[in-house]
Amino acid sequence: MADDTGKFGVGGLHVGIPNRRQFFQLGAGAAAGWTLAGNAFAQTERPTNPPDKPRGQVIAALSQEPTVFHPLMPGIEVDQGIWWQVFSPLWFIEPDGKFVPDLAREVPTVENGGLSADGLTWKIKLRSDVKWHDGTPFTAEDVKFSLELINNPDFRVRNRVGHNLVKDIKVVAPDEIHWRMEAPYSPYMSILSLTFIVPKHILEKLSDPNASPFHNAPVGTGPFRWGERVPGDHIQLNAHVGYHGKGPYVERVVFKYIPDLTVLYTQFRTGQVDYTGLQGILPNFVQEAKTLKGRKIFVSATSSVEHVAPNLEFGPFADRTVREALYLAINKQAIIDALNYGLPTQTESFVPQQAWSFQQGLPQHKYDPAKANALLDAAGWTRGSGGIREKGGVKLEFTNSTTSGNAVREQTQQLLIQDWRAIGAAMRVNNMPAAVIWGDFWQQSKFNSVLVSVNFMLGSDPDVTPRFGSGAIPAKGGRGYNTYQYNSAEADRLLAEGAKQFDLAQRKTTYGDLQKLIRNDLAILPLFQGFIAEGVKEGLQGFRPNINTSINCWNIREWYWA
Amino acid sequence: MARYVVNRLAQAVMLLVIVSAIGFALLHLAPGGPLSQFAASAQMTQEDLDRVTRQLGLDRPLPIQYLDWFGRMLKGDWGKSYRDGEAVLSVISSHLGATLELMTTATIIAVLLGGWIGILGALRRYSLFDSLATVGAMIALSIPTFWFGLVAIYVFSVKLGWLPAGNRQTIGDGSFLDLLHHLIAPALVLALVETAMWGRFMRSSMLEVISQDYIRTARAKGMPEWRILTVHALRNALLPMITVAGLQFPTLLGGALVAETVFTWPGMGRLFLDSIGYRDYPVVMGILMFSATMVLIGSLLADILYAVVDPRIRVG
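Chains Z and E, in that order, are what the protein sequence lines are.
In terms of my numbering, the first sequence has 387 at position 302, counting the first letter as 1, and numbering is strictly consecutive.
In terms of my numbering, the second sequence has 183 at position 28, counting the first letter as 1, and numbering is strictly consecutive.
Read the hints as simulated data drawn from the structure, not as lab findings.
Heads up, a few of these hints could be off.
As the list claims (entries may be wrong) - Sample of chain Z residues at the chain E side, in silico, Cβ under 10 Å:
#1 Q149
#2 V153
#3 L232
#4 R314
#5 V339
#6 I343
#7 T351
#8 R564
Just so you know, even glycine gets a beta-carbon here, dropped at the ideal spot from N, CA and C.
Construct all of the structure, not just a fragment, from the sequences and the given hints.
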């Protein structure tokens, strides 16, 4: 139980006990993976009375181990949990979608002169009171260095999307930097909100930018300084007292690696961890978790969309009528209720429903096998041997793949088989380990269909050029991850237009049109918006799920023990 | 003896080369790769993945990659982890302590308890104790470790609150008592299975010895039973245990994958599992070579020890 310092112990606990059935579900549930990322029906709370100085510690449990601490190198969601604490971006995005200045004094806009009307010139004013954890002042040189490092061909950078358009970087003053863009690119605003600035004075001395002590003991400007790392066990960060923003209000934050989700939940029950971060609480425990005394459970939507990904170049899927019939025949609500404990919500868009760019009023899916059958009949897909439909020698049969061992998705596949068999479509399961399926099989569109959860957003931006642009099909030599092989001139036009617009209202219209188009074309068959159930100990204030970040412990600087 | 040891070491080196080549090939030929984890996220495009693949040298022909890796390994450079950039030897050593702590404790408990159960079972063959020990051993060997682990957590952590539900220590504490507190459950769960195994080995070995003529002779001479047991029977019954111990040695260092996962114990077993999952080739190869070396050393030590302890055996 947490005491007022946030330290934990196992004595004096009053925790619920799983019943026999639940207990035996633990083992099966542990194998289930869960793909996550953002927020929807979360109960948010803001800190009201944070302490004057940092007090206590927070133990945040993660089911994956953070291992990449250089924030510009290839990392996954869990690594961002560290980056948010140790480093700072120029600005970040609040849960409501607003940009808030961090290292910058203000967020650049056309109105304040930070952005030129054509979107090509960026002028960023920086804070002059920021210090790196080693005491060195932060300046515009650090921003310049970070942007140049990203574009350094020898550096193993995560990606250069948007950054590769940056030219003529000029440090005008220690607290002001300007640059030009090769072309107007409005999503860059969002990209920069997730680009953490690294220290020039440490990294410029390195002969190899890909390896140095910095990579395992980073120095940043964030609310927490690097403490220690026990590989395979935990990472400890200590409060950076000279932090330039609000907080931090806890002395230490410990990221505890607990790979088994059942064990992670058990340690949350027994009070050994204060917060269940990635991948949160398994859906089958959520109802029980809500009854635990001294614990609060947050069920938040994420920005990922669980969907059936059809390979649009594969035989039957090239026919839009087939996709529509398959979509009509999916009993989505059964998948949500029976397999996901009613926690997620249906969606029709690739944009999360909480985003500013979400298009309301898209055609709503209705489970209608009769209509699906009628559509296929009318399109000439006739039932052949075994009740399987065919047309022009092409049978309506295909494989569906997902990550082996993901119990919920494997059960979803069984429901899909039943639903689609009823309309004369034969689906076979072809699952593979994660390291296999997400390799060439996915990247090079070697699948028939895949059951997957994808975060389509570019940070908080709805620019999905890399996902749906015709030039982003890897199987055709494209640069991106349009593994669906979606090819639409109208989508390309809208994407190009949206990337050039800086007016929010205009962009909303453009990306609204794009969502209507994708929904109409059924480039994906969306099932539901992703969700994550997370638990925090009662008394721990400040937890605010943020759909615009990949991990909800983005703001530990605001957390404190009441 | 020296010649025998030199010969065995030469064989061991050959074996290690073969193991490394097969291991390297199998690992790299398996579908997927270290960058697959990024492929499903919006973080990196195919172009980015291709670029990083080139930067890591993973686009080179496999034999070239192998020779490069092997050459560097001979010089003591086992490579760096793709996950955190740490030197492989450093990664292994940072996990070895936790594994040694857990496995040594479990083995000591298992050897002492299993030995006692085995000896008593053999001396009181077909007694109630022997029957209970046999049934208990069968149960312990049949039920998976993770089940025992979950039961232990449920009973002692969730229900009774006596023991922590995993972890090696309370972060920020690290006192000996705290370490011991965390060690109890995983060590006992691991020891449970090992006790059953050692008990069965000890029982059969003891049974074989006590039916030997020299034991009967000792009894006929009127030697006290305790002396027959400790001086004649036990010493000889322990000889086959050396082989078992030799084979157990690498397991001791290899970690207990399941127990380490259930009890969130940061040891070698979990490192291996994580490294396989992420296709962290340098670390997987490092663990493979380390384990193979330990198997060969364990086997060699057992043979030498056998010859030293048992005068009937000569090597060379």
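For each hint, the structure was consulted:
With a cut of 10 Å, the hint placing Q149/Z at the interface with chain E holds, because the nearest CB-to-CB distance is about 9 Å. For V153/Z, the interface hint holds, since its Cβ comes within 10 Å of a Cβ in chain E; the closest pair sits about 7 Å apart. Interface hint status for L232/Z: violated, as the beta-carbon distance to the closest one in chain E is roughly 17 Å, over 10 Å. Restraint check, R314/Z versus chain E: the minimum CB separation of about 8 Å is within 10 Å; hint holds.
The restraint placing V339/Z at the interface with chain E holds, with a minimum CB-CB distance near 5 Å, inside the 10 Å limit. The interface hint given for I343/Z is met, as the beta carbon of that residue sits about 5 Å from the closest beta carbon of chain E, less than 10 Å. Contact between T351/Z and chain E, as hinted, is supported at the beta carbon level, the nearest pair being about 5 Å apart and thus within 10 Å. Given hint, R564/Z at the interface with chain E, holds; its Cβ is 4 Å from that chain's nearest Cβ, closer than 10 Å.
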